[in-house]
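Residue numbers (the working numbering), protein chains in the order written: chain B, 14 to 54; chain W, 9 to 401; chain H, 38 to 127.
Below are the SDA-like pairs computed for lysine to any residue, each with C-alpha atoms no more than 25 Å apart in a straight line:
{"#": "1", "chain 1": "H", "residue 1": "K120", "chain 2": "W", "residue 2": "V129"}
{"#": "2", "chain 1": "W", "residue 1": "K168", "chain 2": "H", "residue 2": "T68"}
{"#": "3", "chain 1": "W", "residue 1": "K307", "chain 2": "H", "residue 2": "E57"}
{"#": "4", "chain 1": "W", "residue 1": "K168", "chain 2": "H", "residue 2": "A117"}
{"#": "5", "chain 1": "H", "residue 1": "K120", "chain 2": "W", "residue 2": "D127"}
{"#": "6", "chain 1": "H", "residue 1": "K120", "chain 2": "W", "residue 2": "A101"}
{"#": "7", "chain 1": "W", "residue 1": "K307", "chain 2": "W", "residue 2": "D66"}
{"#": "8", "chain 1": "W", "residue 1": "K168", "chain 2": "W", "residue 2": "E118"}
Source of the hints: derived by calculation from the structure; they are not laboratory data.
Take a look at the letters that make up each chain.
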Amino acid sequence: MEPNQVDGNETGAAPAATSGAELVTETLVEEVSIDGMCGVY
Amino acid sequence: MTSLQPVPRLVEQFEHGLDAPICLTWELTYACNLACVHCLSSSGKRDPRELTTQQCKDIIDELERMQVFYVNIGGGEPTVRPDFWELVDYATAHHVGVKFSTNGVRITPEVAKRLAASDYVDVQISLDGATAEVNDAVRGAGSFAMAIRALENLAEAGFKDAKISVVVTRHNVDQLDEFAALAARYGATLRITRLRPSGRGADVWDELHPTAEQQVQLYDWLVAKGDRVLTGDSFFHLSGLGEPGALAGLNLCGAGRVVCLIDPVGDVYACPFAIHDRFLAGNILSDSGFGSGFANVWKNAPLFRELREPQSAGACSSCGHYDSCRGGCMAAKFFTGLPLDGPDPECVEGYGAPALAQERVKPKSSVDHSRAKPVMLKLLTKPPARLCNESPV
Amino acid sequence: MAFDPDVRWRLHHQVAVRPEPFGALLYHFGTRKLSFLKNTTIVEVVNSIGDHPDARSACRAAGIDDAQQAPYLHALRVLAESKMLVTGEA
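So here's chain B without its partners, still in its complex pose (with noise of 0.2 Å):
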């Protein structure tokens, strides 16, 4: 099993490609580490 690791946060993600050339500016799927709240022991 991989380590949890936060695959992108809010102000570190890519935005998504399209093919076309305007950007998508938020994805719609965001990966979150179940480690990365803090506040957590």
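Position chains W and H against the provided structure of chain B, taking the given hints into account.
Then chains W and H, alone, in the frame of chain B:
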């Protein structure tokens, strides 16, 4: 041309809180066989009001209904509860994933084998030094050996991916590479977290917390070598040291928004580093006006509603780093006696330092289960029987 | 990995979907990965995807025109890469 429904910023959604936590910390007992100098929960003696097995199962039922995916079970030392395995099994049978934090006292080869056979239980071994000398100074004589033995037993039993959880201090920040090597040796994942001035940590924070230079060292290490290292998002207060987003995690205070603490007597706090009346949201057993049970406290407690309101930057509003550091850690500010709407005591710009140099009142929590004096490590077979160990004379 | 939108997909049996007002949280109990679906349309696609012969039909059924499918297919690809979505029969 694409047209989408509005897509909210993830961080904004989380800051306003969710209908249920995403994960939470659940301290099962204040009893502990160790007496670490920096214990965030001031553990040692069992509280006589500790929740019963049935009360714990009722909480698990609620967590299942709320779809809380993951709980981090800690304490004190959770494995000293006689019903510990019963509760872990109950949780995993009810769609609540479990990670438990332990000093290793009960991780025998038999226990390790049982853990290796479960898919839904994660184990986190606490360690605060890569050598016995550094570790035991904080956690007590023999505690390093005990933790290593637990790691050996887990590896031997085929348990995959234990976590080694380290609180970074002035004295172990030079051992980060050694910690990584330890983790690799036992097939474990390294987790490093921030020392907060919480619990007994308040008494030793001034001497133990990393210096400003060491913070830079730590940050640089995370950026260079932290790819497979967990942090519990506990270093977002350092994000001003580099590019926004360089550190993994949501980079926001999750307290009362996506996480909280349930303590051994059923008190619900904003987070495990904030065990103080100021951050007490309610108690699962009693109705303080918004219903009893965990779900009611989570959804309706005035403290949590307040935390889910937009927070003002206060004194940090003119700082360009505020967007990424969010003014740092609420608990760190509170327990060092700094204002909550000002800089973190470890603010990377040094804005917290003048406040630390001044006269300040450090709030003391009324919740303290410490034993009267630090004990040399003994492997207790049962937890302390009495709450008070002062002489009756 | 190549994400094939023309085959049948389904949610992995160890994935829980928790609805939120703005979308949903997905948690994979096996991998401990957490994914946040950021609008209700993608949630509808994900919840219904096993009922359709392929990903594109699932998108169409959720009201997404073929010309608008790209970001949705991208999202599905991300979920497939995290093993939240898998191919084949249950």
